[in-house]
Amino acid sequence: MTHIPAIDDLIADFHDLPLKERLTLLLEFSDNLPELPERYADHPDLLERVEECQSPVFLFVEVDDAKDVHLFFTAPKEAPTTRGFASVLHEALDGQSAEAVLAVDPQFPDQLGLSEAVSPLRMNGMRAMLARIKRQVREKTA
Amino acid sequence: MSVAFDPSSSLAQYAHPEVLVTTEWLASNLGTEGLVVLESDEDVLLYQTGHIPTARKIDWFTELNDDVLRDYLDGEKFAALLSSKGVKRTDTVVLYGDKSNWWASYALWVFKLFGHEDVRLLNGGRDKWIAEGRELTRDEDSFETTDYPVIERNDSPIRAFRDDVLKHLGSPLIDVRSPQEYTGERTHMPDYPQEGALRGGHIPSAVSIPWARAANEDKTFKSVEDLKAIYLDEAGIKPGDSVIAYCRIGERSSHTWFVLTYLLGFQNVRNYDGSWTEWGSLVGVPIVKGAEPGAVPVRR
Chain A
1 MTHIPAIDDL
11 IADFHDLPLK
21 ERLTLLLEFS
31 DNLPELPERY
41 ADHPDLLERV
51 EECQSPVFLF
61 VEVDDAKDVH
71 LFFTAPKEAP
81 TTRGFASVLH
91 EALDGQSAEA
101 VLAVDPQFPD
111 QLGLSEAVSP
121 LRMNGMRAML
131 ARIKRQVREK
141 TA
Chain B
1 MSVAFDPSSS
11 LAQYAHPEVL
21 VTTEWLASNL
31 GTEGLVVLES
41 DEDVLLYQTG
51 HIPTARKIDW
61 FTELNDDVLR
71 DYLDGEKFAA
81 LLSSKGVKRT
91 DTVVLYGDKS
101 NWWASYALWV
111 FKLFGHEDVR
121 LLNGGRDKWI
131 AEGRELTRDE
141 DSFETTDYPV
151 IERNDSPIRA
161 FRDDVLKHLG
171 SPLIDVRSPQ
181 EYTGERTHMP
191 DYPQEGALRG
201 GHIPSAVSIP
211 WARAANEDKT
221 FKSVEDLKAI
231 YLDEAGIKPG
241 DSVIAYCRIG
251 ERSSHTWFVL
261 TYLLGFQNVR
271 NYDGSWTEWG
281 SLVGVPIVKG
291 AEPGAVPVRR
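As you go down the protein sequences, you meet chains A and B in turn.
Using our numbering, you'd call the opening residue of the first sequence number 1 and step up by one each time.
Using our numbering, you'd call the opening residue of the second sequence number 1 and step up by one each time.
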């Protein structure tokens with residue numbers, strides 16, 4: 001079972017809203033991005049910079065013994081869009097199996113219906129985050 | 001109805017002090033009839049995280065650009081946009097934003113393409129307002145929409161196209177990008193890889209003055225004396241010169257355009273918004289690589 005129902009729910013949640021409220025929902029995600037646990041907060045060097053994003057966002061992926069994926073992000077509060085993207089990915093992927101994460105459609109960010117609200121170019125950052133998460137998962141399950 | 005200018009002595013040094021307001025002035029004038037405050041940021045959600053009370057949001061990406069043409073809005077769309085923001089043609093518009101007003105300057109420049117008379121920048125922008133501990137809110141006040149007139153955009157005084165740049169070669173050109181973009185080490189700005197060009201370098205004879213040099217640590221504009229040292233002494237621009245500034249897509253160079261036009265009083269400054277994403281990929285135009293401006297190419 002590689003399909004992630006949480007992704008369908010997220011897509012539906014965003015799509016059910018008018019454009020302006022999609023931004024409000026993204027802001028809620030941004031506000032609720034989990035803090036880094038201490039083991040990463042004290043070791044920023046362990047985190048990977050997402051170069052494709054206009055703001056400094058860093059991520060780290062753990063794959064546990066059960067092959068489940070755990071995601072950690074940090075981005076400044078002055079970059080709420082980037083934080084929002086990270087938080088949506090966290091909601092969608094954290095705790096899922098490595099197999100399921102690798103099977104996520106690379107275009108998933110575009111299916112949220114945010115492109116019109118934030119501009120297609122800004123969506124590049126979210127696609128890049130997803131690609132980097134998958135790469136780390138591949139490296140850590142190889 | 002225009003709102004009285006900010007008489008602050010810190011602004012009096014500039015050629016056009018009427019285009020700037022201080023945070024103190026804005027704080028005491030919020031809610032004044034005829035004043036509309038607009039926030040223009042790089043990050044599309046930043047406004048929603050908290051903004052100056054009464055401020056409305058304007059987004060450079062989703063609102064000021066045409067969807068399918070690489071161009072700004074036309075007169076009808078601009079009228080519709082400003083009407084939807086509740087702006088009257090006679091209103092005083094104060095713009096502010098993140099990153100030393102980088103995106104606010106860009107919006108101001110677009111407003112000037114349509115000749116909106118009274119547009120001002122909040123000196124120091126969003127960051128200074130916050131640093132001073134001033135009020136922010138997530139509330140969006142309701143306002144009445146207006147009937148902004150359809151004004152035909154008038155590009156030529158302040159906007160340069162690629163052919164204008166070719167004709168201009170030999171007169172002062174300012175490249176306001178990062179040093180790495182100027183030399184050609186990078187074909188895009190650090191952190192902005194998706195907005196690249198085919199080749200790296202700069203327009204021949206352009207002088208490198210990164211835009212942010214015009215701003216202080218607190219995001220306000222530098223003093224006239226400091227600005228003169230940069231643009232006159234260092235870049236070699238002389239009073240009366242006609243100048244073109246460019247960057248990657250014309251946003252950072254709007255900031256420099258603002259500085260030269262309103263703070264130093266140059267009367268013939270244009271922004272080349274095609275900038276490096278156009279010039280660096282354009283067939284048949286010369287570029288220069290490296291740290292030297294390079295010679296003006298012989299016209300063929």
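It is worth saying that the hints were derived from the structure and are not from the lab.
Glycine is no exception: its CB is placed at the ideal position from the N, C-alpha and C atoms.
There may be inaccurate statements among the hints.
Stated by the list, open to error - Using C-beta positions, here's what the derived DEER-type ranges look like:
#1 B:PRO297 - A:HIS43: 46 to 54 Å
#2 A:ASP9 - B:GLU185: 53 to 61 Å
#3 B:GLU24 - A:THR141: 53 to 61 Å
#4 A:LYS77 - B:GLU24: 46 to 54 Å
#5 A:ASP110 - B:GLU152: 55 to 63 Å
#6 B:LEU232 - A:GLU62: 51 to 59 Å
#7 B:ASP241 - A:LYS77: 37 to 45 Å
#8 B:GLU33 - A:ASP9: 43 to 51 Å
#9 B:ASN216 - A:ASP64: 44 to 52 Å
#10 A:PRO106 - B:PRO179: 54 to 62 Å
#11 B:GLU76 - A:HIS43: 49 to 57 Å
#12 B:GLU24 - A:ASP9: 25 to 33 Å
#13 B:PRO179 - A:HIS43: 25 to 33 Å
#14 B:GLY265 - A:HIS43: 45 to 53 Å
Right, here's what the structure says about each hint:
A hinted range of 46 to 54 Å holds for the C-beta pair B:PRO297 and A:HIS43, which are about 52 Å apart. Separation of A:ASP9 from B:GLU185 is about 45 Å and departs from the stated range, judged on CB atoms against 53 to 61 Å. A C-beta distance of roughly 58 Å is found between B:GLU24 and A:THR141, which places it inside the suggested range of 53 to 61 Å. For the pair A:LYS77 and B:GLU24, the beta carbons lie near 25 Å from each other, so the given range of 46 to 54 Å is not met.
For the hinted restraint 55 to 63 Å between A:ASP110 and B:GLU152, the CB-CB distance of approximately 36 Å leaves it violated. Taken as a hint, the range 51 to 59 Å holds for the pair B:LEU232 and A:GLU62, whose Cβ atoms sit roughly 56 Å apart. Our hint of 37 to 45 Å for B:ASP241 and A:LYS77 holds, since their Cβ atoms are close to 42 Å apart. Between B:GLU33 and A:ASP9 the beta carbon distance is about 47 Å. The supplied range of 43 to 51 Å therefore holds.
Range check, B:ASN216 to A:ASP64: about 49 Å between beta-carbon atoms, so the 44 to 52 Å window is met. Separated by about 35 Å at the C-beta atoms, A:PRO106 and B:PRO179 break the suggested range of 54 to 62 Å. Checked against the hint of 49 to 57 Å, the C-beta distance between B:GLU76 and A:HIS43 comes to roughly 55 Å, which is consistent with it. The hinted range of 25 to 33 Å is not satisfied by B:GLU24 and A:ASP9, whose Cβ atoms lie roughly 48 Å apart.
At roughly 31 Å, the beta carbons of B:PRO179 and A:HIS43 sit within the given window of 25 to 33 Å. Look at B:GLY265 against A:HIS43: about 52 Å separates their beta carbons, and that is inside 45 to 53 Å.
Taken one by one, the earlier hints fail for this structure at numbers 2, 4, 5, 10 and 12, listed in ascending order.
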